[in-house]
Structure formats: structure tokens, C-alpha cells
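Novice: Given next are the chains, with one letter for each unit.
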Amino acid sequence: MKTISTIIILLISISINAQSSYEKAMLKGMELMKTNPLAASQQFERVAAAESDQWEPAYYVAFCNINSSFGQHSKDKTVLYMKKAQDYINDAQVISPNNPEIMILQGRLNTAWITYDSSTYGMKLSGPTTAIYEKAQKMAPENPRVIFSRAEWLIGSARFFGKDVTPYCGLIDKAILLFGKEEVTGFTPSWGYKNAIEVQTNLCKKE
Amino acid sequence: MKTLLTSIALLFTLISIGQTTISGQVLDEKEVPVLGANIYLQGTYDGTTTDIDGKFSFETTETSYATLVASFVGYEDFQQQALVGDMKGLKIRFRESVNSLNSVILNAGTLSAGDSSKASALKPLDIVTTAGAVGDFVGALQTLPGTSANPDDGRLFVRGGSGDETQIFIDNNRVFRPFLPVTGNIPTRGRFSPFLFDGISFSTGGYSAEYGDALSSVLLLNTTDLPVEEKTDLQIMSVGGGIGNTQIWGKNSVSVNATYYSLGPYNDLIPQNNQFEDPYELVSGEAVYRHEFEKGLFKAYSAYSYSNFSIIQEDINVEDGFFLGLKNGNYYGNLNYDGRLSNDWSIETGLSLAHDRNDLRVATTGIDTRENALHAKIKLRKRYNNYFKINYGVEQFLVNYKETVQSSDETFNTSTSPSNTGAFTEAEVFVSKDLAFKAGIRADYYGLSDEFLVSPRLSAAISVSKNWQASLAYGQFYQQSQNNVLQYDEKLAPESAEHYILNFLFQKDGRMLRAETYYKNYSSLLTYDTERPLFDSNYGINGDGYAAGFDLFWRDETSVKNLDYWISYSYLDTERKYRNFETNATPNFASKHNLSIVGKYWLEDWKSQIGLTYNYTSGRTFTDPNQAGFLNDKTSSFQSLNLNWAYLIDQQKIVFLSVTNVLGRDNVFNYQYSNTANSKGNFDRRAIGQAADRFIFVGFFWTLGGTDNQLDNL
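Just so you know, the sequences run in chain order F and C. 90 is the number of the first residue of the first sequence in my numbering; add one for each residue after it. 624 is the number of the first residue of the second sequence in my numbering; add one for each residue after it.
Bear in mind the hints are in silico, worked out from the structure with no lab data behind them. We put the beta carbon where it would ideally sit given N, CA and C, even for glycine. Treat the hints with caution; some may be incorrect.
DSS-like cross-link-like pairs, simulated, lysine-lysine; straight-line CA separation at most 30 Å [claimed, not checked]:
1) Lys874/C x Lys172/F
2) Lys294/F x Lys1230/C
3) Lys213/F x Lys854/C
4) Lys918/C x Lys1025/C
5) Lys1215/C x Lys172/F
6) Lys1184/C x Lys164/F
7) Lys164/F x Lys1230/C
8) Lys252/F x Lys1276/C
9) Lys854/C x Lys166/F
10) Lys874/C x Lys213/F
11) Lys172/F x Lys854/C
12) Lys117/F x Lys678/C
13) Lys1184/C x Lys166/F
14) Lys224/F x Lys918/C
15) Lys1056/C x Lys166/F
16) Lys678/C x Lys113/F
17) Lys711/C x Lys113/F
18) Lys1131/C x Lys172/F
19) Lys166/F x Lys918/C
20) Lys874/C x Lys164/F
21) Lys172/F x Lys950/C
22) Lys227/F x Lys918/C
23) Lys213/F x Lys918/C
Only part of the chain F face toward chain C is listed, based on derived beta-carbon distances under 7 Å [what the hints assert, rightly or not]:
24) Ala128
25) Arg135
26) Leu169
27) Pro217
28) Ala220
29) Met228
30) Glu231
31) Gly245
32) Ser246
Build out the structure end to end from the sequences listed, making use of the hints.
Specialist: In C-alpha cells:
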């Protein structure tokens, strides 16, 4: 009996140990995201390669690469970043299907493609992107990132068609409120608050 | 117990054992250090990023053997297995990855529309937004180099080839009757909705060994893979209406659409040059079902169309003209599966079936044709790496064609059942990203003529400088005669053509210049000795001919903000002796100069796109019996200025207005001469011109999202 409990305790401690090295690696990635997105992406790639049952590492690889896809790099490079992001979104989706967090990442990647070449991808991707946000909204109506990303997309479309954006500012306010209440657990995505404030200040400021 | 403890102790020692440092440097092919490469041991978190000198160093607790991985965007992954202790002072040499963006493209002869290739001459939307194309998927292609505009016909005439010499494929399955049959000089259009396709590749010669039984050109259309949005589309047009719907459930989706055209009300408003008895009417429906498997995608496509019209055909020899009526019913369907078999092998299978019934009435004679056709194909693709890929495939075509000619007192029945078995293999080799080859060979067995024919296909591309590349293509091509001829002489061997193509491509920042020159050698062309192919004609394959020329294509999307334009010019020198030609001559459908200028301007404030297309085609040959010789004269040039205006009301609603031949130029394509001379000894003639001086199209397109309705928000 004693032996068995020793083994069990030992196994647990080993697994805790393993868990914590995963956490350590992820934390390192999160830290790097603040200063060096490329190194962060690579850190997450390493973790993703080692942990085939966790969706978060792949999610963050995609996230970092999408953030590198909004015009800071040459056109050729940008495409490579976007393709890489797509690969990792696909990986994350296999591990965690129907995850609203991953769905909105796909929405953001589509926006990157549209920004990259609107005449090729504008019509092709705008419908699908709307559909993704609507689906995510249905699945997670209280997720601030879902509310924010969808609102940002709707604001973008409204601006393109020269329409008033104020109807969506309520959504941004709601997202900000929910961001404030959000409790972050583990490595689930928690970004968005700053972006929402930015959109609010730049596009929704009342005169 | 003791053993267990020992092993646990051992385990701990292993974990707490000293760390090993791994170090080295990453360089690219030109010995330049690579900054920012990702270096790590596979299966661990141990790794780092290279510094500005391409150097790296990190510690690991791993011992014994491990796999070191080095990767970076734009390069091939590098892997090395070694003892961790030996991984010191490593020299890693990166190889630039070959991808569609940075490598040369094997594009001699090919013009593609879509985003799959960087050398896209057209974008998917151009198919519907090019002025003058009026939503016909072939319309926009007529503005590309290599085509001779035949606005009185509407099909694709490529580099001196007739309209029959272009074959059309949907998802790599042959479409047997892609065009709606018309007569009386009403231009035909493709049967299929342009909105169904997201990739179009148009080859004007030198195409892959995968495609056989086409002398001049292939047009490859790919249907959209997976729709992600449920929606309903409504179209209200000046000539009819349409409705479409997409449903998605789980891994399945279905898209259906139905269209009805009637030119009746339109003809009442706008004068037509043809005298219609029954106005042109078309009912068509399409359905696509898709199912996503874990490793592949299944698509089933079905289309049915029925068209009907009749006119009083003008004729110089018949005073009041004669009745000409045409009813056509056509079913086309294909089943497709594309999937991965393993990491390196993938499979593509397709089966297409077609049924076409055509009831033509000319005065008192009825000509009814029935055609059933099948195409089955399997293709395997092995990808060794990014540098080397091979395709293998086999395919079978079976056709059954029946014709019944019924005059007042007699009935003639004829039929034919041509078949064609093909097998092909093709290898694609990238020596580097600057040099690539494709070599293929195709073998065809034609059942009726018992001919076994082998056609080699070769192409190569080399990068000349950063923005320039040159490519070459050669190929041997065969095509069997049309069914209406085969029914009278089944032993006719296929016609043949050889293509030689040299292409230069310049690309920089949204500008593209494509220059291509070619020589095409025709042999074994069909010949006969009567005015039309008849049951008692003497048939042979004694014809030959050539086509030579060059094409220029310039597209610029960046120089002027919001303006996208292209200019395409083709020079064609061709002569052939075929059919019932007396001598070598330039056929009526081949014009020496073809010029198209297409411009699209986006008016931000008006949310409108204004489009303009100008076409110029030099005169076409015809035979004037008042002079000596055959095809001895030329018509005046064809010119047409087309305008369109697309107004986006919002994301879901578009109004579209298009006017073809705004200036109303009276273009003449050919002349029909009287069979008998008039009192002065001259033969009178009748000009064969356009079906109408102008064509005006107004449409309203409305998409209703199936998801949470966007309109509520706007």
C-alpha cells in the first residue's frame, strides 16, 4: 500500500513538475511577446512542437504572426507570415475545434489578407469573415475579445461604405466593461483591452 | 521495492544532471548570417533565436541523441540528429524555400485568374467586373492576349485556332458542351455561373500532359472549395432574374442557383437586327454539394439548362428569309474527390456525365442531335519535397452521338461513338528557385480510328533578374474531329498541332508585363470537298497550316491610385488549308491585330466602380466572288467601346449597369454573297453584322446573409 501511494505521489509530483515546465515555457513566451514578437513566436513554436494536445501554443504562434502581417514587412514576407499564421490556426483548431478564441483569430487573419490586397481578397473573404464573427458571437456572447473583434470588423465595413460607426460604439463599450471583469486563467487569451480603448478613443469619441 | 527506489533515484539523477550547451551559426546559401532563425531540440522547449551574426547558443538537460531543428520563414526546415554533446560549433546552411511567391513560374502559354499564382493576369472579380463581359465567364478572357475576338460567336478562338480547338474543364473534368448553342449571329455565352469559380487558368498553348484532345487551348475552371457562409442571393436583371442559396451543416454544404432569362421584353424596347419569332429564353439551374472528409474533399456538381428561340433568318438567296428555331437541353454533372493518401501522396478522381439534346429546325428540315458523354479520371500526385513532384494519371472518354435529319418526306439517322483512353505522367523539378522544369508525356488511344498517339510536353523557366523571368514551352497536341463529322467518317485520325512558346515576364510592385511569342504547326487537319460536312463528302486529313505571332500584356494596378488597367495586344499571322479551303488562306475567324484596353476606376466617394473596355480587331477575311481568289478580301475593322458602372449600395446590395458598343458602331463580321449574279453580272451581298447595335444590361444583386442579418445593423 505504502509503495503504491509513494508511486502515486511521485507520479503526481513528476506531472506537476512537467506541468510547471510547460508553464515556465509559456510564461517565457508571454514575456517575450511584450518585447520581441519574433522570439515569442519562436518560443511558442517550440512549445507547440513539443505539446501536441495544447491549443494555446499554436494559438500564440498564429497570434504573433498575424500581428506581423499588417504592413510592417515587405509584401513577400507578409504573405509568408500570413501563411504561417494560417497553418498554426489550423493546428490549434484540430486540437480545440469550435473554439471562439481561435475563430476570431481566423477573422483577424482574414482582415490581414484583405488589408494586404483588397481587390483580390476583399470580396472573397468579407462574407466568410462576417460569418465567423457571427458564429463566435453566438457561441460566446460575453467574451470581450469576440465582442470587440466583431465590433471592430463591423466598424471597418461601415467606414468602407461611408456609414456611421456609432451604432457599434456601444459594442466597444460593452467589450471594455467585460474586459475589466475578465478573470484570466492559465494561458487562455487575455489580450484586447488596450486595443478596445484605442478604438474607443480614435473612432468613438463623442464630440 | 529496492529496485523501484533505485530507478527513481536514477531518474532524479538524470533530471538533475548537468546542462549541455548547444551552439553554432546559421548561414544562408550565400554565406550570409541568418538573423532570427528558430533553433530548438525537437520535443523539448529548449531553444533560442539566432543573433545578428546568425549565431546561437542554448542549454539543454537532454542527453544522448536528439534532433536539432532550425527553421525560419522563407527557408526550408533544417534537421540534424546527433549526440547532444556533439552539438557544438555547428554550421547550419539554410536553403531558401521554393514557394509560389519567390520562385520562377512555369507559365509559358498560361494566363491565370485567381490568387493561387503570383502571375495572375486576372483577378477572380474581373470575370464579372470587366465591361463588356456581362457576367459571362468567357467574356473577360476575350480581353486577354492570344485570343481573336469573335463577338459574333462568343467562344474562345486562340492563336489561329477555331472555337472547337479550346476545351473547357471544371475541376479537371471535361465539359462536353460548355456553350449555349446559338445561331443567327447572336453571340453565345458559357452555361455556367461565373460566381461558382474561384480559380481560372487559361492556357493559350503548351499546356500540361494532363490535358489531351485539345489542339489549341484549355480553360480550367475550379469551383469554390468550401463556402463558409450561409446566404441567399437575389438577382433582378433587365433580362431576367436569378436566385441562389447556400446551406452549411457540419461538414456538408450545398449551393444551388436558378436563373431565368428572357429577351422578349428587352427586344420590344430595343431594336434587334434579328427578326425574332420566339425571343431568346433560358432556364438554368446549378447545384454543388460538398462534403469535407478528414483527409479530403468531395464535390458533386450538377447543372441543367434549357434554351429556346427562333428567328426568321435573313438570307440573300431567300427573299423573306427562312424560319430557324433552336431548342437545347443540357445536363452536366461531375463527381470529384481530392484527398491526401499519405504525407507525400495525394489523389484526385473525377467522373463527369453529360447529356445534350439539340432540336434545330431550318425551314422545313429538322435536325435533332442527342449526345451522351462520360469522362472518368484518376490522378495520383507524389510530392518528394518542394523541389520534386510527379503526377500520374489515366482517363477515359466515351461519347455517343446521334443525329436525325428529317425533311418533309425522308428521315436520315446517323450516329457515332468515339472513345479516347489517355494516360499521362509529368514531373516538376525545381533545380533552385531560379530554375525549373516540367516534363511530361501523354499517350492517347482513339477507339474509332484505332490510332495510338504519344504527345510529349516540356516547359522550363529561368529567372533572369529579380523582376524578370523567361520561360519556354513545347508540346505536341491531338484532337479528334467533331462528332458531326465523325458520324460520316469514323476512321478519321485526330488532327495535330505542335506548339513552340517563348515567354518573358516582368513583375514589380503591382505591375506586370508579359511578352510571348509562339509558332504553331498544324498537320493532319480535316478536309472535305463539299460546302458543309455531308454524308457523301470525301473526307480526309490532308490539311495543314501554321500560326505565328506574339502577344503583349501590360497590367498596372499601382501607378494611379484607385485605377487598375490592362492593355493586351496580339499579332497573329496564320494560314491553313483545311475543311473545304481551295488553297492556304487565313480563315475568317482569325484576325491579324487584336487590341483590348480595359480600365477600372474605383470612385471612393460614390462607392462605385467605373469600367471601360475598348476592343479593336483588324478586318476579317471573306471571299468576294466578284474577284478572283479564295478568302480574297477583308472586312473593315471591328471596334467596340463598352462601359459599365457598379454601385455598391452597401455590403449586400450592388447595382450594375453595362452598355456594350456605346458608340453603336456598325461592325461587320462577314458577307454573304448571292448564289446568282445580278443583271450587271455582279454578285450581290448581305453584311453579317451584330445581333444588336448595343446591348444594355441593368442588374440588381442582393445578398442576404443567412447568419445574423447584417441589414439590421446597418
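Novice: Please go over all the hints and tell whether each is borne out by the structure.
Specialist: Outcome of the hint check:
1. Note on Lys874/C and Lys172/F: the hinted pairing holds, with a Cα-Cα distance of about 23 Å set against a maximum of 30 Å.
2. This hinted pair checks out: Lys294/F and Lys1230/C have alpha carbons roughly 26 Å apart, not beyond 30 Å.
3. Under the criterion of a C-alpha separation no larger than 30 Å, the hint pairing Lys213/F with Lys854/C is consistent with the structure, at around 14 Å.
4. Pair hint Lys918/C plus Lys1025/C does not hold up; C-alpha atoms about 42 Å apart against a cutoff of 30 Å.
5. Proximity of Lys1215/C to Lys172/F is assessed by CA-CA distance (about 44 Å); at most 30 Å being required, the pair is judged violated.
6. This hinted pair checks out: Lys1184/C and Lys164/F have alpha carbons roughly 18 Å apart, not beyond 30 Å.
7. A threshold of 30 Å between alpha carbons decides the hint, and for Lys164/F with Lys1230/C the separation of about 27 Å falls inside it, so the pair holds.
8. Of the pairs offered as hints, the one joining Lys252/F and Lys1276/C holds, with about 14 Å between alpha carbons and a cut-off of 30 Å not exceeded.
9. For the proposed pair Lys854/C and Lys166/F, the alpha carbon gap of about 34 Å is over 30 Å, so the pair is violated.
10. Restraint check for Lys874/C and Lys213/F: satisfied, since their Cα atoms lie roughly 20 Å apart, inside the 30 Å limit.
11. Straight-line distance between C-alpha atoms of Lys172/F and Lys854/C comes to about 27 Å, which keeps the hinted pair within the 30 Å bound.
12. The straight-line distance between the Cα atoms of Lys117/F and Lys678/C is roughly 21 Å, inside the 30 Å bound, and the hint therefore holds.
13. The suggested pairing of Lys1184/C with Lys166/F holds, with an alpha-carbon distance near 23 Å, which does not exceed 30 Å.
14. Between Lys224/F and Lys918/C the alpha-carbon distance is near 24 Å, which keeps this suggested pair within the 30 Å criterion.
15. At most 30 Å may separate the alpha-carbon atoms for a hinted pair to count; Lys1056/C and Lys166/F meet this at roughly 16 Å.
16. Distance check on the hinted pair: Lys678/C and Lys113/F sit about 24 Å apart at the alpha-carbon level, within 30 Å; holds.
17. Among the hinted pairs, Lys711/C with Lys113/F is consistent with the structure: their alpha-carbon atoms are about 26 Å apart, no more than 30 Å.
18. For the suggested pair Lys1131/C and Lys172/F, the alpha carbons sit about 21 Å apart, so the restraint of at most 30 Å is met.
19. Distance restraint check for Lys166/F and Lys918/C: the Cα-Cα separation of roughly 29 Å lies within the 30 Å cut-off, and the hinted pair is therefore satisfied.
20. Between Lys874/C and Lys164/F the alpha-carbon distance is near 34 Å, which puts this suggested pair outside the 30 Å criterion.
21. In summary, the hint linking Lys172/F to Lys950/C is not supported, as the alpha carbons are separated by about 49 Å, beyond the 30 Å threshold.
22. For the suggested pair Lys227/F and Lys918/C, the alpha carbons sit about 29 Å apart, so the restraint of at most 30 Å is met.
23. Restraint check for Lys213/F and Lys918/C: satisfied, since their Cα atoms lie roughly 24 Å apart, inside the 30 Å limit.
24. Look at Ala128/F: its Cβ gets to within about 5 Å of chain C, closer than 7 Å, so that hint holds up.
25. Satisfaction of the interface hint for Arg135/F is found here, the shortest Cβ-Cβ separation to chain C being roughly 4 Å, below the 7 Å cut-off.
26. Taken as an interface hint, Leu169/F checks out: its beta carbon lies about 5 Å from the nearest beta carbon of chain C, inside 7 Å.
27. With a cut of 7 Å, the hint placing Pro217/F at the interface with chain C holds, because the nearest CB-to-CB distance is about 4 Å.
28. At its closest, the beta carbon of Ala220/F sits 4 Å from a beta carbon of chain C; the interface hint therefore holds under the 7 Å criterion.
29. About 12 Å separates the beta-carbon of Met228/F from the nearest beta-carbon of chain C, more than 7 Å, and the hint is not met.
30. Given the 7 Å rule on beta carbons, the hint for Glu231/F is violated: about 16 Å separates it from the nearest Cβ of chain C.
31. Residue-level restraint check for Gly245/F is violated (minimum Cβ-Cβ distance to chain C is 11 Å; threshold 7 Å).
32. At a threshold of 7 Å, the smallest CB-CB gap from Ser246/F to chain C is about 6 Å, leaving the interface hint in force.
In summary, the numbered hints that this structure violates are 4, 5, 9, 20, 21, 29, 30 and 31.
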